[in-house]
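*Asks:* Read top to bottom, the protein sequences are chains C and Y. Position 25 (the first sequence) corresponds to 25 in our numbering; numbering is contiguous. Position 33 (the second sequence) corresponds to 33 in our numbering; numbering is contiguous.
No lab work stands behind these hints: they were computed from the structure. Heads up, a few of these hints could be off.
[Said to hold, decoys possible] Under the rule of at most 30 Å between Cα atoms (straight-line distance), these lysine-lysine pairs were calculated in the BS3-like manner: (1) C:3 x Y:69; (2) Y:91 x C:3; (3) C:2 x Y:91; (4) Y:69 x C:2.
[Stated by the list, open to error] Across the chosen pairs, the derived CB separations fall in these ranges: (5) C:155 x Y:36: 40 to 50 Å; (6) Y:191 x C:219: 37 to 47 Å; (7) Y:80 x C:40: 48 to 58 Å.
What you are looking at is a predicted structure, and each value in this text was computed from that prediction instead of being measured. Glycine included, every Cβ here is placed at the ideal spot set by N, Cα and C.
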Amino acid sequence: MKKMLAIFERDIALAFRAGGGAINSVVFLALTVLIFALAVGPDRARLAASAAPILWTAATLAAMLSFDSIFQADFEDGSLDVLAEATESLGFVAVSKAAAHWVSALLPLILATPPLAVLLGLPAAAYFPLVISLAVATPALSLLGVLASALALSLRRASILMTILTAPLLTPAVIFGVAAANAGAENSPLFGPLLMLLAAFTLLFLIAMPLAAGAALRFNID
Amino acid sequence: MTDGTKPSAPAVEARDISLRRGGRTIVAGVTFAVNPGDLYLLHGPNGSGKTTLLRALAGFSRPACGSLKRAVGRTILLGYADAVKAAFTAKENIDFWGALYGAAPATVERAISQLRIFPFLNQRTGTLSSGQRRRLALCRVVISRRPIWLLDEPTAGMDAASVATAVDLIAGHCRSGGSAVVATHEALPFAGARTITLADAA
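Please work from the sequences and hints to get the whole structure.
*Replies:* Here it is in structure tokens:
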């Protein structure tokens with residue numbers, strides 16, 4: 001547990017250093033949303049109606065952008081061997097890395113969502129459901145990213161493979177995430193159940209990912 | 001040493017092990033046992049499997065045949081990569097290792113003074129020379145407090161004074177009941193070291 005915390009803290013410290021890439025995903029998110037807003041044009045109603053799907057799409061793409069680097073640096077500089085040897089359990093390493101990834105790459109995305117929602121003219125009642133839907137579902141994205149990064153570790157330039165690998169698995173999060181955000185905005189009774197569905201999705205990854213990622217890492221550092 | 005060392009059984013014992021890498025057998029029929037106090041020098045030309053053997057001893061891969069017994073959590077591998085984060089200072093790297101291995105502050109401080117890290121303690125490791133980085137990497141081995149050191153070219157890039165420091169450190173570790181397997185191309189002045197020579201596989 002202490003070891004997991006040490007890895008978690010180290011990763012967050014590294015992410016917020018120069019070149020750590022913590023703000024990359026936020027910049028990507030902001031640019032995507034901005035370009036989308038420009039593309040739709042001055043039709044405020046249309047923009048507001050599509051605000052939740054736009055933000056969800058942009059956040060997902062921004063998250064996928066950061067998957068590549070989760071294990072790459074540790075693999076290249078020998079740190080992954082150190083983590084494997086010190087913990088004797090790569091599943092724990094994977095969970096620590098996923099938690100650190102969420103805090104350093106996805107939490108900033110969630111925090112950047114409300115100001116961007118203003119830009120898109122999202123109705124005030126829709127803010128909370130949107131942020132909550134992101135907060136519940138994005139841990140699954142981190143867990144999935146860790147798994148994909150672990151699998152593609154020893155392949156050079158694996159971004160394309162990573163995208164193909166992760167896209168089908170994270171579509172449920174996008175579909176139900178947007179549905180939950182919209183249901184919450186309309187005060188629909190489906191909001192609660194949809195959130196639970198998202199939580200189940202996250203929990204499923206939390207259970208399955210450590211084993212799978214641990215095995216993938218073990219294979220790749222052999 | 002916090003963990004109780006069992007003096008009876010060797011902590012690492014390889015019996016007639018063969019190792020394969022990339023579909024080829026590169027180490028064949030190696031037998032040795034690492035007992036407390038033992039110091040082995042691993043020699044052999046490039047590609048003869050020194051790194052592969054050390055990684056197998058560290059538990060990263062299994063031998064293709066033969067038996068390899070190793071006590072879990074007793075070995076520490078210093079690979080050819082330093083495992084040092086360039087964006088961190090030497091101290092930040094050391095603090096992380098201290099937390100990772102649960103080392104007491106006294107252990108960490110002793111490691112810093114033994115390896116003469118102090119002059120560049122607060123410097124970004126990205127700006128260090130390769131010899132300084134190697135010393136820092138060795139610092140991790142000391143901080144881990146694990147008894148069996150598996151060192152892959154520990155003195156790579158070091159100047160004469162640093163090599164002497166490293167040699168003293170490794171010899172001292174073995175005198176105090178630890179053990180080490182050192183893969184090296186250099187003629188390191190160890191007294192009483194045993195040598196394992198790996199033949200070129202090609």
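*Asks:* Which numbered hints are broken by the structure, listed smallest first?
*Replies:* none
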